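Enquirer: Each chain, written out:
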Amino acid sequence: MRSNNRVALTITGLALGLAMSSVRADVVAVVSSKSSLITLSKSQLADIFLGKTQQFPDGSPAVPIDQEEGARVRDEFYVVFTGQSPAQVKAHWSKVIFTGRGKPPRTVSNSEEVRKMITVNPQAISYIERSAVDSTVKVLLQP
Amino acid sequence: MLIQLTRGAGQRPSSLLYQRWAIILAAIAGCPSAAAGTSDFDASMFSFSAFGTFGMVHSSDDQADFTAGIFSPNGAGHTHAWSSDVDSRIGAQATADITSRLSAMLQIISQQNYDNTYTPHVEWANIKYQLTPEVSVRVGRTVLPSFLFSDTREIGYSNPWVRPPIEAYSLVPIDHSDGLDASYRVHYRGLTNTLMTAFGNEKSGTPAGLPNEARRLLVIADTVEYGAATLHIAYQQTYVSVDALDGLFEAFRQFGPQGVALADLYNVHDRLVRFMGIGAMYQPGQWFLLGELGSTDFHSVLGKSTAWYVTGGYRLAKFTPYVTYSAVKADSNRSDPGLSLTALPPSLVGPATGLNAALNSILGSIPVQNTTSLGLRWDFVRHLDLKLQYDYTRLGAGSPGTLANLQPGFVPGSTVNLFSATIDFVW
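Protein chains in written order, with the numbering used here: chain A, 1 to 143; chain B, 1001 to 1427.
Please keep in mind that the hints were generated in silico from the structure rather than gathered at the bench.
These numbers were taken from a predicted model, which means no experiment stands behind them.
We put the CB at the ideal spot given by N, CA and C, even for glycine.
Among the hints, erroneous ones may be present.
[To be verified] Here are the computed distance ranges between Cβ atoms for each label pair:
1. B:L1386 - A:T107: 45 to 53 Å
2. B:R1216 - A:T107: 42 to 50 Å
3. A:K34 - B:R1216: 49 to 57 Å
4. A:S43 - B:A1397: 42 to 50 Å
5. B:T1197 - A:P143: 37 to 45 Å
6. B:V1135 - A:M117: 23 to 31 Å
7. A:M117 - B:L1272: 49 to 57 Å
8. B:Y1226 - A:N121: 28 to 36 Å
9. B:D1270 - A:D58: 47 to 55 Å
10. B:L1231 - A:K34: 46 to 54 Å
11. B:V1135 - A:S36: 50 to 58 Å
12. A:T107 - B:V1224: 48 to 56 Å
[To be verified] With a cut-off of at most 30 Å between alpha-carbon atoms, the simulated DSSO-like pairs for lysine-lysine come out as follows:
13. A:K34 - A:K103
14. B:K1203 - A:K95
15. A:K42 - A:K95
16. A:K138 - A:K34
17. A:K42 - B:K1318
18. A:K138 - A:K42
19. B:K1318 - A:K95
20. A:K103 - A:K116
21. B:K1318 - A:K103
22. B:K1329 - B:K1304
23. B:K1203 - B:K1318
24. A:K95 - A:K34
I would like the entire structure built from these sequences, with the hints used as guidance.
Expert: Right, here's the structure in full:
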């Protein structure tokens, strides 16, 4: 079902030449509701998730949490907030891993797991579907 | 089997040493409490990854071979109409995060070796210590970041092309360092700057006529990343020897002052080699543009060369068509009158003529060529891509370019059509 959707998306993207805007953006970046972080720019978020920095702008450590590869919310997150396709993100991390420069964010299996991780770790930052937002998380950025 | 593994005499002389390294690494990785003085062992400290490429290449010139690089014995064209040796390889990596600061990595690659075997070699093997969040040091074997894609040139999946433009990337035959390196990385207001320096040696144990030893290797590289933009500058110097050429220049020295002068000028025995490269990349998302310029001065018969390339691509969903123009030129002489025959006794004219011919054949092989490439990358399944690439290469007047295994029917200065198809994967 999911792959059918993706095929449909791909075809739409090709036909319109607008692959980016054809992705329905309902993913939001979140931190713990206890986090003191108030704002984060799109590029700061991208730098954290692409491993270019391990810190929030205030200097406190940032722990990015990824959802699993192939998860729709993950693909959407990277397209919307970093401008990169799943393959580009994979290529980026391949460069980093195979030169020993670092490793990708820890991965959890769904948005519920994300919320659990975030609740116990105020340094964690991740993304979930807008519909998965509850009182335990604070929405930092939306498309 | 995509990749044929053969055992044979093809091991690098240093590979025994590296097997020992691997055992030590494994031992350290296996007893984290001993190594780190802590007891926070868990299996997740190990991670394993792999990558590979299966590729086929066809060259229109059957009187020479298009090869993966100067260390490859053959390729597409003369030896094979379609060669799978040029781009095919498989690599595996183990990483151990021993503590939050100490990690070790070992990466092994199987690809066509200079002796035509696929005996795996150790590409990376080092221990890294993160002194501060900004500073890390590594001991062991690393691949040098001479060009933007030098240290990932084997990872087809992470590169935009079938292979990095050969004109530029063949400028740096010394790609490893066995030694120390240090990296200083700062992130400030969205700008990431990484300054690294490495010091080491390389002994490659390659066959006749190729650089087989590089000593006192020094590299300084700086990479600036800001959003979608990357700028990379590298300086590299080392002392290179090609033992196989010692005999030739010894022979020149038998011809009095003029022979000694030629030998002093052209010998490749512990000669200072300098490389300087600068590259920039901009990839905001849908499209990308990148270009690099590099120059190597071998201070010897291997000459001085400058190369550059520009690549642009546009992403349409899973398809990324791209175009590249790349060129290499010789900044040094590609011929030399050699020994003057007029003053020589008749019995020495023959040997002197032979020496002059040998000298000129090496000088003449300094590559001059340019290539226009058209390619398409298709990310058809997750973690896999298919690339098709067409290269149209114009060899410089009288030059064999980067081609190897030149046959009697080879015409220098001609044009070559190259067709490549590769499948890359990462895991």
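Enquirer: So does M117 (chain A) sit 49 to 57 Å from L1272 (chain B), Cβ to Cβ?
Expert: holds, 54 Å
Enquirer: Please work out if K1203 (chain B) and K95 (chain A) have their alpha carbons no farther apart than 30 Å.
Expert: It holds: about 25 Å lies between the C-alpha atoms, which stays within 30 Å.
Enquirer: Taking only the CA atoms, is the gap from K95 (chain A) to K34 (chain A) under or equal to 30 Å?
Expert: Roughly 35 Å between the alpha carbons, so the hint for K95 (chain A) and K34 (chain A) is violated.
Enquirer: Verify the CB-CB distance for Y1226 (chain B) and N121 (chain A) against the hinted window 28 to 36 Å.
Expert: Roughly 29 Å apart at Cβ, these two residues keep to the hinted range, so it holds.
Enquirer: Lying within 46 to 54 Å: is that true of the beta-carbon distance L1231 (chain B) to K34 (chain A)?
Expert: Cβ of L1231 (chain B) to Cβ of K34 (chain A): about 39 Å, so the range 46 to 54 Å is violated.
Enquirer: CB of R1216 (chain B) to CB of T107 (chain A), is that within 42 to 50 Å?
Expert: holds, 43 Å
Enquirer: Do the alpha carbons of K42 (chain A) and K95 (chain A) lie within 30 Å of each other, as the hint requires?
Expert: holds, 23 Å
Enquirer: Hey, K1203 (chain B) versus K1318 (chain B), does the alpha-carbon distance stay inside 30 Å?
Expert: Status violated; Cα separation ~42 Å.
Enquirer: K42 (chain A) and K1318 (chain B) were given as a pair; does the straight-line alpha-carbon distance stay at or below 30 Å?
Expert: holds, 24 Å
Enquirer: For the pair we were handed, K1318 (chain B) and K95 (chain A), check the Cα-Cα distance against 30 Å.
Expert: holds, 20 Å
Enquirer: Could you grab the alpha-carbon distance between K34 (chain A) and K103 (chain A) and see if it respects the 30 Å cut-off?
Expert: Status holds; Cα separation ~27 Å.
Enquirer: That 50 to 58 Å hint for V1135 (chain B) and S36 (chain A) (C-beta), does it hold up?
Expert: violated, 28 Å
Hint compliance for this structure: hints 1, 10, 11, 12, 23 and 24 are broken, all remaining hints hold.
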